[in-house]
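With chain A fixed as given, assemble chains B, C and D onto it according to the hints.
Each chain, written out:
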Amino acid sequence: MPQEMQRKKVVIDETEAAGWIKDGMTIIIGGFITSSHPMAILRRIIKNGVRNLTVIGSASSGLDVDLLIGAGCARKVISPYVAGEAIAPIGPFFRVAAERGEIDVWEIDESMYYCGLRAAAHLLPFMPWRGCVGTSYPEVNPDIKVFRDPINNETLLAVPAIKPDVAILHAAVADPYGNVQHVGTGFGDRAQHLAADKTIVQVEKIVPNEEIRKEPAKTSIVGADALVRAPYGAHPYSSPGFYIEDLEHLKEYVTAANVYAKSGDRGPFDAYLEKYIFGPKDHMEYLERTGIRRLFSLYEY
Amino acid sequence: MPQEMQRKKVVIDETEAAGWIKDGMTIIIGGFITSSHPMAILRRIIKNGVRNLTVIGSASSGLDVDLLIGAGCARKVISPYVAGEAIAPIGPFFRVAAERGEIDVWEIDESMYYCGLRAAAHLLPFMPWRGCVGTSYPEVNPDIKVFRDPINNETLLAVPAIKPDVAILHAAVADPYGNVQHVGTGFGDRAQHLAADKTIVQVEKIVPNEEIRKEPAKTSIVGADALVRAPYGAHPYSSPGFYIEDLEHLKEYVTAANVYAKSGDRGPFDAYLEKYIFGPKDHMEYLERTGIRRLFSLYEY
Amino acid sequence: MSAETAKDYTTKELMAAFIANDLEDGLGILVGANLPVPRAGVLLAHLTHGPNMRIIISFTRANLVNEPVLEPFEFITDWRASRWAEAYYIHSDFIDYIKRYGMNEIFFIGGLQFDRYGNSNLIGIGNDYKKLKFRGPGGVGSGDKGAHCKRYYIYTNSHSKRTFVERLDFVTAYGWGEGGRDARKKMGIPGEGPRYVITPLCIMDFEEESKRMRLKSTHPGISVQDVIDNTGFELIVPENVPTTTPPTETQIQVLRNRIDLEGILRRK
Amino acid sequence: MSAETAKDYTTKELMAAFIANDLEDGLGILVGANLPVPRAGVLLAHLTHGPNMRIIISFTRANLVNEPVLEPFEFITDWRASRWAEAYYIHSDFIDYIKRYGMNEIFFIGGLQFDRYGNSNLIGIGNDYKKLKFRGPGGVGSGDKGAHCKRYYIYTNSHSKRTFVERLDFVTAYGWGEGGRDARKKMGIPGEGPRYVITPLCIMDFEEESKRMRLKSTHPGISVQDVIDNTGFELIVPENVPTTTPPTETQIQVLRNRIDLEGILRRK
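Chains as they are written, first to last, in numbering that gives the first Met the number 0: chain A, 0 to 300; chain B, 0 to 300; chain C, 0 to 267; chain D, 0 to 267.
In short, the hints are calculated from the structure, not lab data. It cannot be assumed that every hint is accurate.
[Said to hold, decoys possible] Straight-line Cα separation of at most 20 Å, SDA-like style, residue types lysine to any residue; simulated pairs:
(1) A:K250 <-> A:L286
(2) C:K130 <-> A:P141
(3) A:K7 <-> A:W19
(4) A:K217 <-> D:Y96
(5) C:K149 <-> C:Y195
(6) B:K8 <-> B:K144
(7) A:K280 <-> A:K250
(8) A:K217 <-> B:K217
(9) B:K250 <-> D:A32
(10) C:K185 <-> A:E153
(11) B:K144 <-> A:P149
(12) A:K162 <-> D:Y96
(13) D:K130 <-> B:E101
Note that the coordinates shown come from a computational prediction; the quantities given were computed from them, not determined experimentally.
For reference, chain A alone in the conformation it holds in the complex (with noise of 0.2 Å):
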């Protein structure tokens, strides 16, 4: 078969994934709370010193969201949640840096972010919505309006499209030419990926398109833009069907967080900075310094 005639492989590896994320740019983000972010990828924007972001969390975004603010990434949060359940009531830098106005958080629920998101793939300039009607949010974000509607007059919020100009997202598996299939729901992903510009999914491993053949319905991201291959790629979050999270982790995260929104001393953050992101060359080295027995005893069923 004539070169011209293969099809084209979308797989990158983390470091070029990365550099499609300039400073200012709109990022949303897969998984949910404390599942599927795509951290290899994430750790790799904090390492390249990305500024200004505007950061669209999952509809729930976990502790993902607050390290990005934490590393000075993020100007601007798009989302109706960043916490990490029992681990962390509210992102420790999410508090501080709203309560300080060092990031501009544009307040909506979970309805309204995924209405804002359909907007965007309908190209439509906004979708009509009934949930939080007589609630602050169009007070605190006055980009939502509060209209009558053209059939009933009845009164509605005007959710605004929601634009990311890249998904960045974590899946099971990926066939060479972007066909993605989850293990579990996907949470939100769909709707993120069908929402922006462009897609780039790392994946916990690339499989023949065969495999994904024999179950197509499995599909979940046609097309994705760009793969990246990163195993663990989702921890310290879960991967479903893959690891469960590590609370370890977790916790020596949410710990240096907290010092630094108690007392104001970033000592134990930069730390952990440089011991996770700026100090491993890539994410392989990153898995190194977890450690494989960490690794394999986080592979439960």
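Structure of chains B, C and D alone, referenced to chain A:
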């Protein structure tokens, strides 16, 4: 386990299911052109002599809708297309009934069809859409309003909610508790279900709950209000994974319908109704009349 | 199995039983990870009188009636809980589930602050949104669920004058607004709104006409005055305030043997 | 394999080759069942120069480059075509695919009538919508695709004064409206609109400024006058109208050996 702690089984027969449909109701019918229409139930509805239905077809409706028109059940039709591809470029009864004003057509295209169903699922009066701006749809269907959006002042269409009383669908299997799985993609069946007050699904097979739990990702509809066991229930249309269309039967239908459309002679169509709908006492007798040889001739990969 | 009143139970078990008693069969309910009392209450209803409830767990829909023991999980995303799944629940599709599922579901809504009309706030504390004294985690799904579920329960582990306040700094979930039984109807909001407020001290409901918060029962060892002293607005207090109905022996057995083997609800 | 002009071909094969030549790699394209010429054109592009095209077939997404022979199917729903699937295409979700997929797709739009600006009508014929002389099948997806796809092709098997008319009775898909290169932009419509009109007689395009339909080439054996005589409005006719470029030998080989073994395109 005490009786009251048993899960409720929702399996009924096609006669009882068809009994849910009363004169003047709005029904929505699953499938797509020549596949997966819930014919066992529709035939029973015709046999019951139900009148003045608002019939919402599938996004591309097949001759299922045409049959309901021909049998005198439909007063209003909501569909972007009523035909049978190469077999019938326009539904014969749809065509003449519309020309003569015997039915009202609520004219929409496929995108507005799904927008209207979404609006119903969202409990909203409308959904905005840009496709079909500049076309005649708002003129021929004055329920569709041209409006300016409250965020950017762009010209859009407001598509009113489409609110079926009952969705009637055909799928592959279900457990007795209303967990339904399709073979294939299910076309627009999910959206029809989510917009309707009640959902009846006829299936090729009732399977144990354990079968559903083996592949929960395949569950396409949760909580069907009623299930009907109807093997070959989509005949003469196809049922993915079970059987292909019965071309001979479809041609018999189109021939009879065309005689009426061209000459006004209802004889052949009345004979068709008698043979396949009024004559057989139930779905099994319909299958007997079709014959096992014919049925298994459709049983292909 | 026994409908007799249990002899020995903790307040958390009593709260779980109160929740269970109020949940009828057939509801859809999300079971999360970090609210052990609502989790236990929902599962208790499911296992004792709710065989047709639809439990949403780890983004799947499940029926757990035949499962002998229900292990808790530390995080809502824990995929190990999917082993009971009958269907997936794609999170981004939930806005499409409002009519057929959402309006048949009940929720537990928390907050940094609540007012007398059951409105709640998860954004933060402070007069100026741009300079919050305390930034909260965000409203999550509470604003939408407040409108788009059958009814909801306000649940908090903290009953104090800082949480039950005269006036919210922000409203993330609309309860009864400025009060009045038609407050929600006037706004076009379909859900029935907050039914009960469940705290470590007491159960409160909403007076039928004004929809002002009203003391319904106090938990064992808690006096009416304790509640009043810890509430930052004037609560409606009926002449007789009973003690919250204790769990039955059966409920305690099911809780301890099938739902809460770890004894999280037995810790003081 | 040869880039030489084929010696022997039918007009349908020529039309398929014209379509194939105009489709660049990477597009997403629906392959239906009852338009053999567009089907063949799309698959020809895919197999000869479009290895990264995404073919939508029987509600799945597939790549068919490595398939030796592509059997046709009688109906668009034929699930046997799913054996090539890499992903499912849930029809009701297509409205969510606009940005990421729809705007990268091309479509073939048919009609009962077309006007000089490429607007089309599938509703019916007659002045009064309530009393149509001829009721059509309905607009299907054409109205939305006309707005929400990268570009589209008008395709018809019938080139006559009844189909190419001075004025449409109804518009189901908006082409260039009342004309002018900014007609679509003024309406806020994102897609590039109709590119070519493909008929059994000729290929037409749209003049750059006015967006009036213009004769581009005639098929073998068809004169310019034939086209004019069968068109109900004044067509722009350039001084020199070439014959439609014939297929190459390679194209004919691929068509006959991998796409159209049944010879549907060879039937006169």
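Hints, one by one, checked against the model:
1. A:K250 <-> A:L286: Answer holds: A:K250 to A:L286 is near 18 Å, not above 20 Å.
2. C:K130 <-> A:P141: Cα-Cα ~16 Å, so holds.
3. A:K7 <-> A:W19: holds, 19 Å
4. A:K217 <-> D:Y96: holds, 17 Å
5. C:K149 <-> C:Y195: holds, 13 Å
6. B:K8 <-> B:K144: Distance ~43 Å between B:K8 and B:K144 Cα, so the pair is violated.
7. A:K280 <-> A:K250: violated, 24 Å
8. A:K217 <-> B:K217: holds, 9 Å
9. B:K250 <-> D:A32: holds, 17 Å
10. C:K185 <-> A:E153: With a Cα-Cα distance of about 10 Å, the restraint between C:K185 and A:E153 holds, given a limit of 20 Å.
11. B:K144 <-> A:P149: holds, 7 Å
12. A:K162 <-> D:Y96: holds, 15 Å
13. D:K130 <-> B:E101: Holds, at roughly 10 Å.
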